[in-house]
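Chains A and B, in that order, give the protein sequences.
Throughout the first sequence, residue numbering follows this note's numbering, covering 1 to 310 in sequence.
Throughout the second sequence, residue numbering follows this note's numbering, covering 1001 to 1336 in sequence.
Since the hints were made in silico from the structure, they are not lab data.
Be aware that a few hints might be false.
As the list claims (entries may be wrong) - With a Cα cut of at most 30 Å, we get these calculated DSS-like pairs of lysine-lysine:
| # | chain 1 | residue 1 | chain 2 | residue 2 |
| --- | --- | --- | --- | --- |
| 1 | B | Lys1143 | A | Lys31 |
| 2 | A | Lys14 | B | Lys1249 |
| 3 | B | Lys1137 | A | Lys14 |
| 4 | A | Lys194 | B | Lys1006 |
| 5 | B | Lys1137 | B | Lys1006 |
| 6 | B | Lys1237 | B | Lys1249 |
| 7 | B | Lys1249 | B | Lys1239 |
| 8 | B | Lys1137 | A | Lys31 |
Stated by the list, open to error - Going by beta-carbon spacing under 8 Å, a handful of chain B positions derived as facing chain A:
| # | residue |
| --- | --- |
| 9 | Leu1085 |
| 10 | Leu1086 |
| 11 | Val1151 |
| 12 | Thr1153 |
| 13 | Pro1156 |
| 14 | Leu1164 |
| 15 | Phe1168 |
| 16 | Phe1299 |
| 17 | Ile1309 |
| 18 | Leu1311 |
| 19 | Leu1312 |
Heads up, the beta-carbon is just placed ideally off N, CA and C, and yes, glycines get one too.
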Amino acid sequence: MTEATNTPLTRAEKRQARRIRRFDNPWRNPKLIWGIGLLLGIILLGIIGRILWNLDLVFTGSATLKLPPVGFENLRRQEGVWDYPLGTDGSGRDILALIIIGAPNSLFVGLLASLIGMSTGIFLGFTAGFVGGRVDDVIRVISDVMITIPPLLILVVFQSSFGDVSLTLMALLIAGFVWQSPTRLIRAQVLSMKQSGYVQMARLSGASTGHIMFREMMPNLVPYLFGSFIANVTTSIVTAVGLEVLGLGPQRIPTLGRTIYEAINAGALIQNLWWWWGIPTLLLAVMFIGLLLINLGLDEVSNPRLRKLS
Amino acid sequence: MSRIPKEYIINRLITLVLTILIAATLIWIIPRLSPVDPAEIALGRMAAGAGTVENADEILATLRAQMGIDQPMIVQYIKYIKGVLLLDFGLSTAAFPTPVSALIANALPWTLGLMLISLIITFIVGNLLGALMVWEKTPRLWKVAIPAAMVFTSIPPILSGLLLMWIFAAKLQWFPLTGAYGLTVEPGWTWTFASSVLQHGFLPALSIVVVTFGFWALGMRGLMITVQGEDHTTLAKAKGLKPRYILYKYMIRNAILPQITAFALKIGLLIAGQVLVERIFAYNGMGKLLYDAILDQDFPVIQGVSYVIILLTALSVFIVDLIYPFIDPRVRHEVA
């Protein structure tokens, strides 16, 4: 596009030009931007909400029961009021305050669990790939075994026997089930990279193992790691919400899953109290869609072949 | 069995046995680390029923002896593992003295039935849509609509279940809200029962289908892109075969096989997701059994349900791995 032409471009040419420009900077990927935007929105809701909104409304009985959001009417013909813009639940808690506290919590559990799982995975994967031998066998067998066990069921046993757990403990427990896939992924990559020219080169020039791991190999793993990280965040949040919907999550802090649990138990579906379960559901859906978009976007950033197809 | 090397089978068998053992051990160890004493729960239940309980200490001792928790840990563990291998989890404490295995035997057919139906539908719908995403002759509208629908894949089935339940059961009342069959219907091999089961199963199955088809569709899309560029497809086109014929007989037939291994990777999450769907629909399966057991603090049932589901997952992964070379002769297992 160096020569300046006066003839107006046809539509197809314009589209192509736009595409080429888009290829220049793969990070300006619409999917990625949308995904990050959605997640930032939830984080902002948590931050701004904490500043602007009265969070004491999250306690039981702080408002009239079962009020609808503004602009709607419930079965008792009560109209929504601006004091509780998103309505209230069956025990008089303000839904807005609930989601301001609950939504970032879910994200926090997902990120923390995934971060721990990821670090464990990086450590074990590198160890298995580098040390090899017996250590490799043990790590490989354990991760093969653990990958078939659904985390939800073990955690159900845990939480039903221990009772109340804190949010952090729940994240730690979930982290025990999300390290397998990064471990396997990194092990396989390390094994193949060990044979590659540049790693051999580094080794011959006397680089330390640490240098080879973090300076030579790690940068090549970043796209895989990101993808695996985001997938693990999703799995962790799904598991956490699953536990909460079974009534097993943290009992003292509001979470989105627990709100849904209470709504189902109170028959909110039949009573047409859609805001009670619907708003947490919507937020969770936004969170999952955001994570999916980030993952798809990252795929396209790291794999240019996919970009051509869309 | 000539196609699978013996080492591979032995390797997979060891993994399978280890999976089952580790899962069983975890399920056994966790409750023993907790401060909760099952004998005290049982006593508490008696006290709640009778008002007061005399000589509580003696009853506690008897209960402990009955439950076998007065014995040394290692004896308990060996007994437990023996029982678990025979699918014997002891007696339910909430529905005393029903054996846990009987409760699970009642619930399992419902779960398996629901899972099988929703899996078959998702597999067909997902793969077909995935293939249509790549096929040149797909109408433009479909090409836009399918990727848009893909967004739902990220949502766990419990959320889609709630939404569908609200729209079709609570608002429109086309389908019943909860349960696996009508309260007034007598279970048996009758038409009324069958239609009631179908009606009740529709929404739970649909809520699983709408969020899982995208997984297959995305996988199929990738495979179809590869097949599309292969020589046999070009040849079929050059021969002037009907596009639809090429799609089914040349492209999908070749692309669909690796999808079956994808199933093995996904099955654990699928079952866990379905357990939650059953809980919100109060469907008479393992999910409801598990949820009720959690409410009643019925540990034998919680352990039994968790164990059986993990067992099913491990077995199906094992079977898929083993039969795969027979489905797709191009694949040969390497000896690790």
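Exercise. Report the numbers of all earlier hints that the structure fails to satisfy, in ascending order.
Key: Of the numbered hints given earlier, those the structure breaks are 2, 5, 9, 10, 14, 15, 18 and 19, listed in rising order.
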